[in-house]
Amino acid sequence: MTLQNQDIKDIVHFDRVSLRYARGPEILSDVNIALPEGSFTFLTGPSGAGKSTLLKLCYLALSPSRGLIHLFGQDTSLLANSAQQALKRRIGVVLQDFHLIEHLTIFENVALSLRVAGLSRAQYTDDVVELLQWVGLGHRMQALPPTLSGGEKQRAAIARAVIAKPDLLIADEPTGNVDPVIGRRLLRLFAEMNRMGTTVMIATHDVDLIKEIDARVLRIENGRVFKGLNA
Amino acid sequence: MAGGFQNNTPQTLLPERMKNARALLCVLIIMALLAALSLLFARSAARLSADWQSQLTNSATVQVMINSSESRAAQMEIAQKTLQNLLPNTRITPLSETQAQALLKPWLGSTNLPADLPVPGLITLETQGNGLPFAQIKTALSAEGVIANIDDHTRYAGGLQRTSRSLIFGSSLILTLLLIASLAVNIFATRASLIAQKDIISVFVQVGASNKFIAQLFIQQAAKRTLLGAVIGAILAIFIWIFLSLSNFGALKDSGFIWDSFGVGLGDILFLIGLCLFFTLICAMAAGMTALRQLSEERRRL
Ligand SMILES: Nc1ncnc2c1ncn2[C@@H]1O[C@H](COP(=O)(O)OP(=O)(O)O)[C@@H](O)[C@H]1O
Ligand SMILES: [Mg+2]
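The listed protein sequences derive, respectively, from chains D and V. Using this note's numbering, you'd call the opening residue of the first sequence number 1 and step up by one each time. Using this note's numbering, you'd call the opening residue of the second sequence number 1 and step up by one each time.
If we strip away everything but chain D, and leave its shape as in the complex, we get (with noise of 0.2 Å):
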């Protein structure tokens, strides 16, 4: 049962996963899940089904209850601080109420990152402005985020995600918040990250958008993963 770490080339690998809140019920029960390295792959299931919490097993945001989760085949139990904050440096998270940082200029929001690595201004200025005009930005940057539209937040959430050209993205309901036509924008977004080489899993509720592109389902029922959109 237990794998060894030069077994798992998968970027995201669950082993028999469960997870609880506190002294809750058990929300995901013997999970296994395998995503392999370019992989695009939605995750799907009705509210309140655990769509979330996988996410955030998944860009250790929460640790598992039970079983053994590697991420880049690196078993998140064993991790330093240290490690776990490298590891964090390569997934890119976009969350469904976006986390931009009110005070900080779009531009600031989304260097955060680079910031955070320990890059100079001089040395990320170009890659933001530049990431930001191609998200159709530009002239955004240095507005702050709530004088901004939910489109425009949600692109510079997405932008913050990927800057740092993550290995693994990660997005959480991404297009809840907006039209259906920026949805599908955003969707292509991800599909030529993929392309170019990342790993992406999109959680979502949204049957329409998951027939836009061809792609793995993972679907969450009764805190089990079922693979594929219909029982």
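These are computed hints drawn from the structure, not numbers from a lab. For clarity, every value in this text was computed on a predicted model and none was experimentally measured. There's no promise every hint is true.
Stated by the list, open to error - Mimicking DSS-like on lysine-lysine, the simulated pairs with C-alpha atoms at most 30 Å apart in a straight line are: (1) K198(V) with K56(D); (2) K9(D) with K56(D); (3) K224(V) with K19(V); (4) K138(V) with K105(V); (5) K56(D) with K227(D); (6) K211(D) with K227(D); (7) K212(V) with K56(D); (8) K212(V) with K165(D); (9) K212(V) with K198(V); (10) K211(D) with K56(D); (11) K165(D) with K211(D); (12) K165(D) with K198(V).
As the list claims (entries may be wrong) - Here are some, though not all, of the chain D residues that point toward chain V, as calculated from beta-carbon distances under 8 Å: (13) H103; (14) R115; (15) A117; (16) L119.
To be verified - Interface residues of chain D toward chain V, partial, derived using beta-carbon atoms under 8 Å: (17) N81; (18) S82; (19) V93; (20) I101; (21) L104; (22) S113; (23) R219.
By construction, the Cβ of each residue, glycine as well, lies at the ideal position given by its N, Cα and C atoms.
Given the structure of chain D, go ahead and fit chain V with the ligands onto it with the hints provided.
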């Protein structure tokens, strides 16, 4: 394309505008003000005591025992000559019999002294140097057959020293207590800030920031507010001190006391700058340690 991009200094990652920031700054200013005042007080007390000390050891009164009214002039002359030979750089002022009598009046009362009990001859000694050689003076005088008492003021000096020592001790104690209180204020503020900025911190953590990186933000925040509070407090303290020395002590100065010690000199300013920096350093370290502890506790809870 990046031309419209003028702002070249990175924004501070923690919000500049903190809840209760103004109240916090006020508290820090008041603590720094009180600390600066007690520092100025301690230094003045030390200076005052040193001034008095040197004034006391640099002056003395020689009481020459006069045998009889007839021998008075001769005895005084011998004493004066001996002192002049021994102490060439000292101002030696013999007092006339009337002056001596006037000085002794408080002790003798206004009754006339009997003729066979002459008033002692008084000679005052004043030097600029490092004190008077009291033992040598006594030996030299008795070698010349002059019996004399020397009032070297040591009785006052001892008391003065004890008083100034306890003043210095007291104000150092107050200074320490104020420092501890400022530390506590910074620790509370950092804890509150960690809670208030929870969402921001979780974003930092998500993008891979280390606890050290985040703690540094709180160190900067605490250093900034403490330095500001300390500088404002110290400047206020200087004004208050100058005002006090002009209004109260100024009057006393005219009556011959040594209140010069209560000014603000360059040395005091340097000490105050040191105090501000020390305050800032200690408070920033406390904030950093608080942040680190809380952050690693939270990671462990994950
Ligand atoms: N921090 C938490 N503490 C306790 N229960 C939680 C917490 N977060 C989520 N839950 C519960 O876990 C279940 C799954 O939530 P979530 O993962 O957000 O579902 P989804 O994203 O699929 O809508 C829900 O019943 C929710 O109430
Ligand atoms: Mg969710």
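These are the hints, each one checked on the structure:
{"no.": "1", "hint": "K198(V) with K56(D)", "verdict": "17 Å, holds"}
{"no.": "2", "hint": "K9(D) with K56(D)", "verdict": "21 Å, holds"}
{"no.": "3", "hint": "K224(V) with K19(V)", "verdict": "15 Å, holds"}
{"no.": "4", "hint": "K138(V) with K105(V)", "verdict": "26 Å, holds"}
{"no.": "5", "hint": "K56(D) with K227(D)", "verdict": "20 Å, holds"}
{"no.": "6", "hint": "K211(D) with K227(D)", "verdict": "15 Å, holds"}
{"no.": "7", "hint": "K212(V) with K56(D)", "verdict": "23 Å, holds"}
{"no.": "8", "hint": "K212(V) with K165(D)", "verdict": "24 Å, holds"}
{"no.": "9", "hint": "K212(V) with K198(V)", "verdict": "16 Å, holds"}
{"no.": "10", "hint": "K211(D) with K56(D)", "verdict": "25 Å, holds"}
{"no.": "11", "hint": "K165(D) with K211(D)", "verdict": "26 Å, holds"}
{"no.": "12", "hint": "K165(D) with K198(V)", "verdict": "26 Å, holds"}
{"no.": "13", "hint": "H103", "verdict": "4 Å, holds"}
{"no.": "14", "hint": "R115", "verdict": "7 Å, holds"}
{"no.": "15", "hint": "A117", "verdict": "7 Å, holds"}
{"no.": "16", "hint": "L119", "verdict": "11 Å, violated"}
{"no.": "17", "hint": "N81", "verdict": "7 Å, holds"}
{"no.": "18", "hint": "S82", "verdict": "7 Å, holds"}
{"no.": "19", "hint": "V93", "verdict": "6 Å, holds"}
{"no.": "20", "hint": "I101", "verdict": "5 Å, holds"}
{"no.": "21", "hint": "L104", "verdict": "6 Å, holds"}
{"no.": "22", "hint": "S113", "verdict": "4 Å, holds"}
{"no.": "23", "hint": "R219", "verdict": "26 Å, violated"}
Checked against the numbered hints given earlier, this structure breaks hints 16 and 23; the rest are met.
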